[in-house]
Amino acid sequence: MKHLALTALLATSALTAPGMAQADADLRIYISSQHQPDVWREVLDKYQEDNPGTTVTIETGGNTSESQSQYLNTVMSAKDSNLDILILDVVRPAQFAAANWTHPIEDVDMEQYLPAYAEANSIDGEVVALPAFSDAMFLYYRKDLLEKHGVAVPTTWEELRAASKTVLAAEGNPDLQGLSFQGKAIEGAVCTFLLPYWSQGKNFVEDGKLTLDEPAALASMALWKSFAEDGTSKKNISEVATDDTRKEFQAGNALFAVNWSYAWAQSQSEESAVKGNIGVARLPAMEGGESATCLGGWEWAVSAFSEHPDESVALVKYLSSPEVAEYMAVHASLMPAFPEVFDDPEVLAAVPWFADARTVVETARPRPVTPRYAEVSEAIRTTLNAVLAGVTSPEDGVAEIKARLTRVLR
Amino acid sequence: MPARSRNRLSWLTDPSDRTLAMMLLAPLVALVMLIVVYPVLRLFQASLYENSLTSGLPPRFVGFENFALMMEDPVFWSTLGNTLLITLVTVPGALIMGLGLALMANLPFRRQWPVRLSLLIPWALPLAFAGLIFAWFFHSEYGVVNDVLRRFGMEPVIWFNSPRWAMAAICLTIIWKTSSFMALIILAGLQTIPRSLYEAADVDGAGKFRQFFEITLPLLRPSIVVALIFRTITALQTFDIPYTMTGGGPGTSTATLAMYIHQNTVSFLDLGYGSALAVVMFLLSMLVTLVYLRMIRSKG
Amino acid sequence: MSALASHPFASLLSGKSLRLICGAILLVNGLFPALWILFTSLKTEAELTAKPITWFPHAPTLANYHTAFTDQPLHVFLMNSFMVALLSTALTIVIAVMAAYAIARLNLRYRGLILSAVIAVSTFPLVTLLVPLFEIMRTLDLLNSWTALVLPYTVLSLPVCTLMLVSFFESIPRDLENAAMIDGCTRMGALVRVVVPLAAPGVFTAGILAFVNAWDEFLLALSFNSSPSLRTLPVGIQLYQGEFAFPWPVISAALVVGIVPVAILIVIFQERVVSGLTTGGIKG
Numbered sequence: 001m002k003h004l005a006l007t008a009l010l011a012t013s014a015l016t017a018p019g020m021a022q023a024d025a026d027l028r029i030y031i032s033s034q035h036q037p038d039v040w041r042e043v044l045d046k047y048q049e050d051n052p053g054t055t056v057t058i059e060t061g062g063n064t065s066e067s068q069s070q071y072l073n074t075v076m077s078a079k080d081s082n083l084d085i086l087i088l089d090v091v092r093p094a095q096f097a098a099a100n101w102t103h104p105i106e107d108v109d110m111e112q113y114l115p116a117y118a119e120a121n122s123i124d125g126e127v128v129a130l131p132a133f134s135d136a137m138f139l140y141y142r143k144d145l146l147e148k149h150g151v152a153v154p155t156t157w158e159e160l161r162a163a164s165k166t167v168l169a170a171e172g173n174p175d176l177q178g179l180s181f182q183g184k185a186i187e188g189a190v191c192t193f194l195l196p197y198w199s200q201g202k203n204f205v206e207d208g209k210l211t212l213d214e215p216a217a218l219a220s221m222a223l224w225k226s227f228a229e230d231g232t233s234k235k236n237i238s239e240v241a242t243d244d245t246r247k248e249f250q251a252g253n254a255l256f257a258v259n260w261s262y263a264w265a266q267s268q269s270e271e272s273a274v275k276g277n278i279g280v281a282r283l284p285a286m287e288g289g290e291s292a293t294c295l296g297g298w299e300w301a302v303s304a305f306s307e308h309p310d311e312s313v314a315l316v317k318y319l320s321s322p323e324v325a326e327y328m329a330v331h332a333s334l335m336p337a338f339p340e341v342f343d344d345p346e347v348l349a350a351v352p353w354f355a356d357a358r359t360v361v362e363t364a365r366p367r368p369v370t371p372r373y374a375e376v377s378e379a380i381r382t383t384l385n386a387v388l389a390g391v392t393s394p395e396d397g398v399a400e401i402k403a404r405l406t407r408v409l410r
Numbered sequence: 001m002p003a004r005s006r007n008r009l010s011w012l013t014d015p016s017d018r019t020l021a022m023m024l025l026a027p028l029v030a031l032v033m034l035i036v037v038y039p040v041l042r043l044f045q046a047s048l049y050e051n052s053l054t055s056g057l058p059p060r061f062v063g064f065e066n067f068a069l070m071m072e073d074p075v076f077w078s079t080l081g082n083t084l085l086i087t088l089v090t091v092p093g094a095l096i097m098g099l100g101l102a103l104m105a106n107l108p109f110r111r112q113w114p115v116r117l118s119l120l121i122p123w124a125l126p127l128a129f130a131g132l133i134f135a136w137f138f139h140s141e142y143g144v145v146n147d148v149l150r151r152f153g154m155e156p157v158i159w160f161n162s163p164r165w166a167m168a169a170i171c172l173t174i175i176w177k178t179s180s181f182m183a184l185i186i187l188a189g190l191q192t193i194p195r196s197l198y199e200a201a202d203v204d205g206a207g208k209f210r211q212f213f214e215i216t217l218p219l220l221r222p223s224i225v226v227a228l229i230f231r232t233i234t235a236l237q238t239f240d241i242p243y244t245m246t247g248g249g250p251g252t253s254t255a256t257l258a259m260y261i262h263q264n265t266v267s268f269l270d271l272g273y274g275s276a277l278a279v280v281m282f283l284l285s286m287l288v289t290l291v292y293l294r295m296i297r298s299k300g
Numbered sequence: 001m002s003a004l005a006s007h008p009f010a011s012l013l014s015g016k017s018l019r020l021i022c023g024a025i026l027l028v029n030g031l032f033p034a035l036w037i038l039f040t041s042l043k044t045e046a047e048l049t050a051k052p053i054t055w056f057p058h059a060p061t062l063a064n065y066h067t068a069f070t071d072q073p074l075h076v077f078l079m080n081s082f083m084v085a086l087l088s089t090a091l092t093i094v095i096a097v098m099a100a101y102a103i104a105r106l107n108l109r110y111r112g113l114i115l116s117a118v119i120a121v122s123t124f125p126l127v128t129l130l131v132p133l134f135e136i137m138r139t140l141d142l143l144n145s146w147t148a149l150v151l152p153y154t155v156l157s158l159p160v161c162t163l164m165l166v167s168f169f170e171s172i173p174r175d176l177e178n179a180a181m182i183d184g185c186t187r188m189g190a191l192v193r194v195v196v197p198l199a200a201p202g203v204f205t206a207g208i209l210a211f212v213n214a215w216d217e218f219l220l221a222l223s224f225n226s227s228p229s230l231r232t233l234p235v236g237i238q239l240y241q242g243e244f245a246f247p248w249p250v251i252s253a254a255l256v257v258g259i260v261p262v263a264i265l266i267v268i269f270q271e272r273v274v275s276g277l278t279t280g281g282i283k284g
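Protein chains in written order, with the working numbering: chain W, 1 to 410; chain E, 1 to 300; chain C, 1 to 284.
One thing to keep in mind: the hints can contain errors.
[As the list claims (entries may be wrong)] Only some residues are given here: those of chain C computed to face chain E with a beta carbon under 7 angstroms:
no., residue
1, 19
2, 27
3, 30
4, 31
5, 95
6, 152
7, 187
8, 248
9, 255
10, 274
11, 277
[To be verified] In silico SDA-like links for lysine to any residue, alpha-carbon gap of 20 angstroms or less:
no., chain 1, residue 1, chain 2, residue 2
12, W, 317, W, 118
13, W, 402, E, 71
14, W, 79, E, 57
It is worth saying that the hints were derived from the structure and are not from the lab. Beta carbons: idealized from backbone N, C-alpha and C, even for Gly.
Okay, chain W solo, but in the shape it has when bound:
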């Protein structure tokens, strides 16, 4: 199977870079270390084979998004030509484009991608980045435990709370938590806050201005806090980060978990204590609301200061092609941004649950689109963290978000 995939890649790389790739170019591509640079390396090696004269070096940044974004900020604001291609969190293309840090990509049919990504990467009619892979947040659950206690998969947060109470009481296992989610002040916490907020049908930003619906925001903060207080989640949930949730679920210590797609492959691996016993579903909704999930995924952008813009654009188009997306789906379990790749038989053979994932990703919502997203993210995640840690009340938390972001989004 790998053989077939690589052959397809060869064909693609030969097709997508006609003529131009003959130029001698030494490209530097920035891939953050948590995004499996070693698998991308295989893909890049194929491209190099097919396009002699182009060498691609991977540069990885620090391990935390904070250090990575500081690094990129410094490099880009200095107009440094050191990096040609960057991998950006889906929230960043808008910011980078507004700062004139991206080189436009032309002659791309954006209709081939999922609509959310076509939108996230097109700013003012210009395509500024192409998807590397897609992602969204899901509700993970223990199939075996739910079946054992005759509980249905919850569709609302209150149902989840009730399900958790039932199962926890019946199991009597002190190490088992009801729900694990991210309460640490990381980027993922922004999603944590927005899920119930969006579920009530509210928007956070419109036309670059803050449109905070305070009761909805309060409901969201109060919901998460209540989980920590009534025993559904750990008391110190404010210390839990993305991989902590994954580890806990994988070790069998959580009935439900809110997490991104990568957790699936790990939880079904040989080292997992819950292999074969897990299921994935849409996130629950607030009472009377719709299920909402956070759009994730990362994008490839060409630096506006690159000295090889044409070669870089060619490489980006290759990296964001259906064939590469299929390869990454099969070998790195990264969800594709192409609807049809979800249905590809080889992909489904490797990651069968992608069949259900597609509808979730299609309805995922992007986080607030604004050039000052860094500040928005900082305000939301630190405030949610403070509320979960018991440092601030949900009411004060909402007031603080409003006070901080009114200045930023004016």
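Starting from the known structure of chain W, fit chains E and C onto it as the hints suggest.
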């Protein structure tokens, strides 16, 4: 002075005192101009502009708008408060601990080097390292501090989950680190006090504690004041230890003004607002320096 | 009359036990944190999370040091720190020697003013310069370079070193230079051939102080040199924490590696450093 022969290159090989002075001072002046004076002027200018590098727009003159917005910014007030709190706690704290350490170090030990080392190593340690080391010390499950507390039968504290305890951990770390520098300064001062003064006081029948308050402390005043000035100015700029220990959390309860300036500059690329914040810190430092200078002058 | 009897604490305890207790307090206070990190760096991750926690490592291992060098380019961080510290120290010394000589020897009209200015710079809040310096370095395309740090670090240590050298120079009798000049030396010649060699100890001490200041600096290094290949040690050590975890034994190993160079300097040159700190510190 012997007569000097003059040739064309005399100004370079054998300059007059005045020329020489200018040549020798030039590099210092040039560097200070480049790194201190010019930037400060730019700082004041930049604080009057709206300049967010992520917006892609050119800087826009807005007068005092940044400062007006600052007044409404809850994060500004909490970081300012944290900075002042840290200053008020760690300056006297480091002074007292430094004084204690200096008095102890002044004992006639047979070997001086262990004493010296135990003051020098904390001084030479980067603040950022101290932050990491003590973050580990205060770890709620595997840290030494809680281990000791448990051994004494006391309840361990979850240090970094609560603003008050996190701030306490930070202040303790800062006091530990800076007390060594204070101790070194005070120790030097102690060693200049002539023994004869104590001997005379003994003859007069004065007790040890009275000698301490009437001889030692007054004569230590110059050293103490100098140490205090530096400690206070540095305390206002506290960055390294909270940054590496808590990152400002939980929430913004342990974030300092210096951290907020850094965040606005490097993470948010909002140079206008960052400059305005820095102007506030600058004025605060100047105020403190002036207060200390007044104190020095008034007491002769 | 023994020195001990005049000490304020003398009334509390007998001489020997007092010294023992105080000595122990001093040693524990000063060296315990460094020792603890040393022990932690020799433990395995498993031993770390065992309860109750152990103090001495039961099965000491050097594996963490290996990981410290492979997980992140620790040798690169070391080199960056070393080069930046060395370059800024050299620059500081050269400039400070020149300025200190001018202040100490040449009867300058504005001597008092210059000294006050030097002291004023030393009380300057460096943090406030972060924003304008960031802008300047950005415009001059100096971000992520050694130069971006060497220049500010030089200014950081200049006041202390200059003041220290001023007092050193003043302690050298003028007659020596005058003698040299009567013998036919120019002023410059006298500076280089007579004064500098005599002030060598002071110069050396000033150099050590400048080196330590540069080695320890964090804020500017964090802000200007965030490229992984240009980070200095205090900044690079922050990189060991993953998105997910804090590998304490590995971080401890990296910390030990980071402390060793400066610790060696301190151990070898302790007396000089102490005298230098206090001369520069209590002057004025």
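Hints, verified against the model:
Satisfaction of the interface hint for residue 19/C is found here, the shortest Cβ-Cβ separation to chain E being roughly 5 angstroms, below the 7 angstroms cut-off. The restraint placing residue 27/C at the interface with chain E holds, with a minimum CB-CB distance near 5 angstroms, inside the 7 angstroms limit. For residue 30/C, the interface hint holds, since its Cβ comes within 7 angstroms of a Cβ in chain E; the closest pair sits about 3 angstroms apart. Interface hint at residue 31/C: satisfied, since its Cβ lies 6 angstroms from the closest Cβ of chain E, which is below the 7 angstroms cut-off.
Hint status for residue 95/C relative to chain E: holds, with the closest Cβ pair at about 5 angstroms, below 7 angstroms. The criterion of a C-beta within 7 angstroms of any C-beta in chain E is met by residue 152/C, whose closest approach is roughly 6 angstroms, and the hint holds. With its C-beta approaching chain E no nearer than about 6 angstroms, residue 187/C sits inside the 7 angstroms limit, and its interface hint holds. Because the closest C-beta pair between residue 248/C and chain E is about 6 angstroms apart, less than 7 angstroms, the hint holds.
Interface hint at residue 255/C: satisfied, since its Cβ lies 6 angstroms from the closest Cβ of chain E, which is below the 7 angstroms cut-off. With a least beta-carbon distance of about 6 angstroms to chain E, the hint placing residue 274/C at the interface is held under the 7 angstroms criterion. Look at residue 277/C: its Cβ gets to within about 5 angstroms of chain E, closer than 7 angstroms, so that hint holds up. Of the pairs offered as hints, the one joining residue 317/W and residue 118/W holds, with about 14 angstroms between alpha carbons and a cut-off of 20 angstroms not exceeded.
Between residue 402/W and residue 71/E, the direct Cα distance comes to roughly 15 angstroms. Compliance with the 20 angstroms bound is thereby established for this hinted pair. For the given pair, residue 79/W sits about 15 angstroms from residue 57/E by alpha-carbon distance, which is consistent with the 20 angstroms threshold.
In terms of the numbered hints stated before, the structure departs from none.
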